[in-house]
Structures are given as C-alpha cells and as structure tokens.
Amino acid sequence: DQQVKQNSPSLSVQEGRISILNCDYTNSMFDYFLWYKKYPAEGPTFLISISSIKDKNEDGRFTVFLNKSAKHLSLHIVPSQPGDSAVYFCAASPTGTASKLTFGTGTRLQVML
Amino acid sequence: NAGVTQTPKFRILKIGQSMTLQCTQDMNHNYMYWYRQDPGMGLKLIYYSVGAGITDKGEVPNGYNVSRSTTEDFPLRLELAAPSQTSVYFCASSYAPRGNTEAFFGQGTRLTVV
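For the protein sequence lines, the chains are A and B, in the order given. Anchor point for the first sequence: position 93 equals 93 in the numbering used here, and the numbering is continuous, going up by one each time. Convert by adding 1000 to the 1-based position in the second sequence; the result is the number in the numbering used here.
By construction, these hints were calculated from the structure, which means they are not laboratory data. Positions of the beta carbon are idealized from the N, C-alpha and C atoms, including for glycine. Among the hints, a few may not be true.
Derived DMTMM-like pairs (lysine to aspartate or glutamate); straight-line CA-CA distance at most 20 Å [unchecked claim]:
no.: 1; chain 1: A; residue 1: Lys100; chain 2: B; residue 2: Asp1056
no.: 2; chain 1: A; residue 1: Lys37; chain 2: A; residue 2: Glu58
no.: 3; chain 1: B; residue 1: Lys1009; chain 2: B; residue 2: Glu1079
no.: 4; chain 1: A; residue 1: Lys100; chain 2: A; residue 2: Asp1
no.: 5; chain 1: A; residue 1: Lys100; chain 2: B; residue 2: Asp1038
no.: 6; chain 1: A; residue 1: Lys5; chain 2: B; residue 2: Glu1072
no.: 7; chain 1: B; residue 1: Lys1044; chain 2: A; residue 2: Glu58
no.: 8; chain 1: A; residue 1: Lys68; chain 2: A; residue 2: Glu58
no.: 9; chain 1: A; residue 1: Lys100; chain 2: B; residue 2: Glu1079
no.: 10; chain 1: A; residue 1: Lys100; chain 2: B; residue 2: Asp1073
no.: 11; chain 1: B; residue 1: Lys1009; chain 2: A; residue 2: Asp24
no.: 12; chain 1: B; residue 1: Lys1044; chain 2: A; residue 2: Asp31
no.: 13; chain 1: B; residue 1: Lys1009; chain 2: A; residue 2: Glu42
no.: 14; chain 1: B; residue 1: Lys1044; chain 2: B; residue 2: Asp1026
no.: 15; chain 1: B; residue 1: Lys1009; chain 2: B; residue 2: Glu1072
no.: 16; chain 1: A; residue 1: Lys37; chain 2: B; residue 2: Glu1079
no.: 17; chain 1: B; residue 1: Lys1044; chain 2: B; residue 2: Glu1059
no.: 18; chain 1: A; residue 1: Lys68; chain 2: A; residue 2: Glu42
no.: 19; chain 1: A; residue 1: Lys5; chain 2: B; residue 2: Asp1038
no.: 20; chain 1: B; residue 1: Lys1009; chain 2: A; residue 2: Asp1
no.: 21; chain 1: B; residue 1: Lys1057; chain 2: A; residue 2: Glu42
A partial selection of chain A residues facing chain B, derived with a Cβ cut-off under 10 Å [said to hold, decoys possible]:
no.: 22; residue: Pro9
no.: 23; residue: Ser69
no.: 24; residue: Ser85
no.: 25; residue: Gly104
no.: 26; residue: Leu113
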C-alpha cells in the first residue's frame, strides 16, 4: 500500500519555465511533508518542507503548496534551471513519531536548455 | 564538515555471506536511520535509532540488524545475504525527531547479492 504517491515518473520542462511536481498521500496521520532532491550516485538532499498547519511555504525559487482536504501537495520551481535536473522525492511524517519518513517513488525532472 | 559518511560505496556479496555497512555522522545528531531504495521505488525505512543504546524496527527490518553504541555510529548488519537485499542503502541522521528538522543523508552503499 503506497501511502505517498508520485504518479508522474518523469517531467520535462524548458529552462526558465515553471516546473510543477505533484504528490498525493492517503494517511491522515501525516502532518509534516518534505521534498528531497537526488542527483545520481548521491544521497537525497533536503529541499523544502511544510507543516500541516500551513498551506504554502516558499524558499527562493521553490514553493510547496499543501491541500489537506485533497491530501495533495505540489512543488513549484520558478524559474527552472538546468541544475534542477534531478529526481525529486516527496516524503511525509506522521504525528508523534521519530521522523519515520514515508517516501514517494520520485519524479525525474529534466530541465532542457 | 563531513556530515554523514557511509562505507563502502559499492559491494558485491555472494548469497549467504554477511557484511556490515558502516555509517558515521559528525553532527552530534541523536536520531539516525537506515533506508533502502530499490529500483524505481522510494526509500523504505529499515531501522532507526533515537539515541545511543536505543534502536527500533522500521518498515522493512527482516534480514537486518543494527546497533548504536555511540552517538556517531550506526552500523547495519546483513547476516545471510539474499538476492532480495540487492539495493542501494542510505544512512541518515537528524537533530530532532520531528520532521521539522530535516534528515541528512549519506551518499549511499550500492549492494549487489549474487
């Protein structure tokens, strides 16, 4: 049972345009959500997070939106740059646990020149 | 500042062999984790530790063991390697248990069991 789903395995975007990566979850106990970025042969690196008490969090070119009623979150990257090409993982953490993250399967973003 | 260091980076094991994947962090984090990533899948939690001397099972603990004798080190032991354990293993650490402090990951260990 996949509790965190990223239904788009890949996404291609032109440099300078917006990239929108989507994530859905099924577990109502999740209250903290994170996005990680992963380059080949490297470990994931933290990108941005959002608590369930918010519906938006922004950090530079990256914005995460949370729609709790739809159990959906999205990551917006504006403007997209070639260095953003990587695999992006959505992850979620439930209330009151030791940060036991549940990860989605990832979306490979390719930003084209 | 090294962060989270994993050794080895690559390893090929024969079925039934054993090995230990090493993980050390220099950030004085209390929380440490082992994840595995299978091709086309997300990371799945194997074991985690909330401090020296305390470990607990994650989502996929079968076939693995861990220990946490110091804050810095969190080795993962495979006793009888099986082809199903072919995967990329990531160690991570975090300062606080809640997700509002992100986990820092090592570079991974790519393990092949043949």
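Looking back at the hints listed earlier, which ones does the structure fail to meet? 6, 7, 9, 11, 14, 16, 18, 20, 21, 23, 24 and 26
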